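> Residues per chain are reported as follows:
There are 2 protein chains.
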Amino acid sequence: MTAQRQLSDPPAGELKLDAYLPYRLSVASNAVSQLIARAYEDRFGLNIPQWRLICVLAEDGGLTQGAIVARTGIDKVTVSRAAQGLANRRLIARSDHHADGRSHVLALTVQGAQLHAEVAPLALAYEAALIAGLSPDEVALLKRLLGRLQGAADALSGGAVKG
Amino acid sequence: MTAQRQLSDPPAGELKLDAYLPYRLSVASNAVSQLIARAYEDRFGLNIPQWRLICVLAEDGGLTQGAIVARTGIDKVTVSRAAQGLANRRLIARSDHHADGRSHVLALTVQGAQLHAEVAPLALAYEAALIAGLSPDEVALLKRLLGRLQGAADALSGGAVKG
DNA sequence: GGCATTTAGTTTCATCTGATACTATATCTC
DNA sequence: GAGATATAGTATCAGATGAAACTAAATGCC
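As given, the protein sequences belong to chains A and B, one line each in that order. For the first sequence, our numbering assigns the number 1 to the initial residue and increments by one for each residue that follows. For the second sequence, our numbering assigns the number 1 to the initial residue and increments by one for each residue that follows.
Hints may be right or wrong, so weigh each one.
Given that identical chains are not distinguished, each listed pair holds provided it fits within a single copy or across any two copies.
Stated by the list, open to error - Quick list of in silico lysine to aspartate or glutamate cross-link-like pairs, EDC-like style, CA-CA up to 16 Å: (1) K16 x E118; (2) K16 x E59; (3) K143 x D18; (4) K16 x D60; (5) K16 x E127; (6) K143 x E127.
Calculated from the structure, these hints are not laboratory results. Owing to the predicted nature of the structure, the values given are computational and were not obtained by experimental measurement.
Starting from the given sequences, assemble the full structure and let the hints guide the process.
Structural data, given as structure tokens:
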């Protein structure tokens, strides 16, 4: 049924989609992201960037949008939109920056903190369900390897694009 | 260096964005995908779905779009659009299906096969650059773990959504 | 054979995303 | 302190995505 592959194949290794790491990574990530995005959207009306902002603000307190961009790498346009959505729902407050009139300091409101407290267990439960069956060592290694991949991709991207 | 997690952890665990696996996975995947998407787009005018179709057709020969969807999980709309784009550029041919008038059989043209032969080494080089510094064992484990995550996400998604 | 249902693929639409352009403020140089 | 430049954030635009509606052909049922 499948085509016979013969000697004419390139020597330097073969490209099989199912074994190709970027593909595997993308497919796995999409599956996980969609699962989680739907859970947050359906139950709390939050999209992924909004939820990330809430997490960052819950962890780090008052931050400017620029600081969030620096901390997370999320695009500044995405941060701007997420912040607007959250502010409209009074989940975050934007207070004037004491020294920079262009900037605002974002912080969770009481409602925002309550929502975070409500969503966080769900998020952790999803993570637990996803890694069920993996040993702690495997999970730790997975996170480490993902960090390596991301670092390598960023380095290659910077190198290739910026010269 | 890494935080020791022990009994002192809060009862249900704490949510730290940087340690949250779905987040790490998404960030790593986006970094890798963007890197590769730009490379294919800039040099060959291919987007990711188009490149995936080319790979699948190079591996498996003549397939219908439905077979590609079944094989890869790519959305049928995405497959349709990618196939249109590739057919317009004469990189694939669509011949009538012998028994089903709704369906067409997709196969690489000579040009399409040439393009595949040209892009594949680049794709493999990117993969090699990304995993440079990782041991073969680590890479194998990473792929296995990604498969597990994807399977878990699919199972949870089916279970939660469909009831 | 004729009608209902299913299936392959396309079109449409609503949303998300990020690049680019823009506004307003801040900083730097003289 | 005035003008040039840089920066924080927003608005606009173009492309990607996938859900749902749609078309055309196949299959099932009687």
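> Checked against the structure, which of the hints given earlier come out wrong?
none
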